[in-house]
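Residue numbers (this note's numbering), protein chains in the order written: chain A, 1 to 154; chain B, 1001 to 1403.
Rather than coming from a laboratory, the hints here were simulated on the basis of the structure.
C-beta atoms are modelled at their ideal positions from N, C-alpha and C, and glycine is treated no differently.
Any given hint could be a false lead.
Distance ranges between label pairs, derived from CB positions [to be verified]: (1) A/Pro122 x B/Asp1181: 44 to 54 Å; (2) A/Asp143 x B/His1049: 13 to 23 Å; (3) A/Gln13 x B/Glu1392: 24 to 34 Å; (4) B/Glu1147 x A/Pro89: 46 to 56 Å; (5) A/Trp133 x B/Asp1244: 38 to 48 Å; (6) B/Ser1169 x A/Thr15: 30 to 40 Å; (7) A/Arg11 x B/Asp1042: 33 to 43 Å.
Listed next, the in silico DMTMM-like pairs over lysine to aspartate or glutamate satisfying Cα-Cα at most 20 Å (straight line) [said to hold, decoys possible]: (8) A/Lys88 x A/Glu135; (9) B/Lys1212 x A/Asp48; (10) B/Lys1316 x A/Glu23.
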Amino acid sequence: MSLSELTGSIRSQLTDAVLAIEERSPRRTWMTVRPERIREVARYLFEDAGGRLATMTGVDGRDQIEVLYHFCFDHLGGVVTVRAQAAKPTPEIDSVTPIIEAANWIEREIHDLLGMNFRGHPDMRRLLLADDWPEGLYPLRRDVREKLPNYGRR
Amino acid sequence: MTVKETGKVHRTLLPIGPFHPLQEEAEFFQLTIEGERVVDLDVRLSYNHRGIEQLCTTKTFDQIPFLVERVCGICSASHPLAYVQAVEELAGIEVPERALYLRTIVNELERVHSHLLWVGLAGHFLGYNTVWMWAWRYREPVLDLLEMLTGSRINYANARVGGVRREISNDLWPAVAEKVDEAVAGLDMITKAVLDDPVLHARLKGVGVLSKEDAIRYGVTGPTARASGVPIDVRRDDPYAAYDRVDWEVIVQEEGDVFAKAVVRLLETYESVKIIQQCIAQIPDGPLSAEVREIPPGEGVGHVEAPRGETFHYVKSDGSNFPVRHKIRAPSFVNVPSFKASCIGQLVADVAITLASVDPCYSCTERVAVVRDRSRPEQVFGLDELIRLSQERSAEFRRRLGA
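Just chain A, same shape as in the assembly (with noise of 0.2 Å):
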C-alpha cells in the first residue's frame, strides 16, 4: 500500500469522522477530525492501519487548542497528521490511551503546558510542571505571560 491508498482507506472507513484530508506531498498527508471522533480514528490508524504514534503536538489558538497526532507509517515511509481542535474555556477531548499506551505521557505534557484535559487518561499527573506550580497557569498559552505574578512590573 501507498501513502496515497492509505489515504484513500481513511477516506473511505473513517468517512463522517473526517472534515478534512489533504496530501501535501507523497509522503505527508494531513487531516481534520471532529474531536467526538478522535478514538475511532486513533484506533484506525494504529490498529487497523499499523501506524506508529510518533507524538502529539498542542497548539494555542485564540479560541480553542488544537492537538495534531502525529502517526508515522514507517513501512510506507509517510507521516500523517490528525488535528482535532477543542474549544476553550475548558478545552477537553478523549484521551486515546486506552488504545494506544504511547500516548500517555504527550497527553500528560500536553494538560500540563496548555491545560488541554484529556478524558479517561489513565494516569494525568503532573509530567514536566513542579508540584507547587500554581493551577490553571499554562506555560504555553499565549496569554501566560499576562497571567504572571511579576507582569508588568520591571
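Following the hints, complete the assembly by docking chain B onto the known chain A.
Okay, now just chain B, sitting in the frame of chain A:
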C-alpha cells in the same frame, strides 16, 4: 505508635539526588525494594527542563538551530537537522546535494561517538571498567574529527535552513578516512570482547526484555525498537540527507534483551562507518545551501534517526520571522516509559543495566526513574548503589563461571 498497635509500617524515604555531587545531570533515583524483584516503576521528570519550545517562539528561524542543538549534548546534530527539515518541508525548500552529504557525514560521526559512549557506560555499569576506558579512548578520534570538520566536539552549528552553514573541504577526506580507521580498530576490539565474553552472555541475555508487542505499544524507536524485532529506521523508511544514495543495512535483533540492544548498537556503528566512507567517496561539489528569503505561513514535520531513535520536530509558521509553534520530541521520551514493561520482574541488580540499555538521554527527556516494591518496609538506593549492585552481580557471574 508501634507497628504492633497500628499494623502499619513506618516508611522512610531517603532521597539521593536530584542534585548530587557524583551525578552529571540532575536525576532523582528513589529505589524502594522488597525481596530482590521490581514490581512497579514510576518516572519523575523535568529537573532539566529549560523551556526550549517556548524560547523557540522568540527566535528567528535562522537562530533556532543554535538553540536546539543544545537540547542534548550527545545528539546535538540530530535536533537541528530534524528542525531544518521541518522548515524546509513547510517552505518547499530543496537542499543542494553537497549539503545533503555533509549533513550525513556529521550525523553519522555523531552516531559513532554516541554509541561508543554508551558502550563505555554499559561497561562501567557492569563492572567492566576496562571496556569503559577503551570505548571512551576510541571515541576520541571521532570527536577529534568532528572538531576538525566543524570546529566543535559537540554542538556543531553545521545545519541551517536550506543546507549547511559552512564548507568542509575535500582536502579533509583522507584525514577522515584515517581517523575513522583508527576508531574501527578500537571498535573491532571492543565488539569482540563484548560479544564473545561468557560472563556478559550470562549477565545480559534474557535481562531487561522488551517484547515486540510492548515495543509497539509504547511506540519505542531506535536501537530499543530494533533489538525487539521492530525493523524501523527513519534513514531507510523516510529517507533524508544522503541516506538513500549509499548502501547500508538496518540492524535488527529479535530477543529484546540488553544483549540484543548491545549487538544492535555495535553492529550499526559499523554501518555508520560504511555510510561515512561512501559519502566521502561520492560527495559532489556544489552550493552549500539554497537561498532562503522568507518562511511562508504553513507547517511541516521533520524527523531523523538520532543515535537513540527517532527525533521528531513540528514547526508552524504564520509568515512572520518567528515560528508560532515548535514541538520537539526526542527519542528518549518514547523509549523511557518502556521501562515499565522491561524492568518489572527484574532483579534490583539488573535494574541499572536495563535502564541504561535504552540509552536514555536526561537532557532530551528530563526524567528520573523510581522503582517501587510495595511488600515490605522500604530501603532506598540511589543510582550509585544500583550500579554497585550491578557490578557485584557481574563479579558473581565471573566467580561462578571461573572467568
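Hints and how they fare:
1. A/Pro122 x B/Asp1181: 44 to 54 Å: holds, 52 Å
2. A/Asp143 x B/His1049: 13 to 23 Å: Distance hint for A/Asp143, B/His1049 holds at roughly 21 Å.
3. A/Gln13 x B/Glu1392: 24 to 34 Å: Because 55 Å falls outside the window, the suggested range is violated.
4. B/Glu1147 x A/Pro89: 46 to 56 Å: With a Cβ separation near 53 Å, B/Glu1147 and A/Pro89 satisfy 46 to 56 Å, so the hint holds.
5. A/Trp133 x B/Asp1244: 38 to 48 Å: Given a distance of about 45 Å, which is inside 38 to 48 Å, the answer is holds.
6. B/Ser1169 x A/Thr15: 30 to 40 Å: With Cβ atoms ~57 Å apart, the hint is violated.
7. A/Arg11 x B/Asp1042: 33 to 43 Å: holds, 41 Å
8. A/Lys88 x A/Glu135: holds, 16 Å
9. B/Lys1212 x A/Asp48: holds, 17 Å
10. B/Lys1316 x A/Glu23: holds, 17 Å
Against the hints set out earlier in the document, violations occur for numbers 3 and 6.
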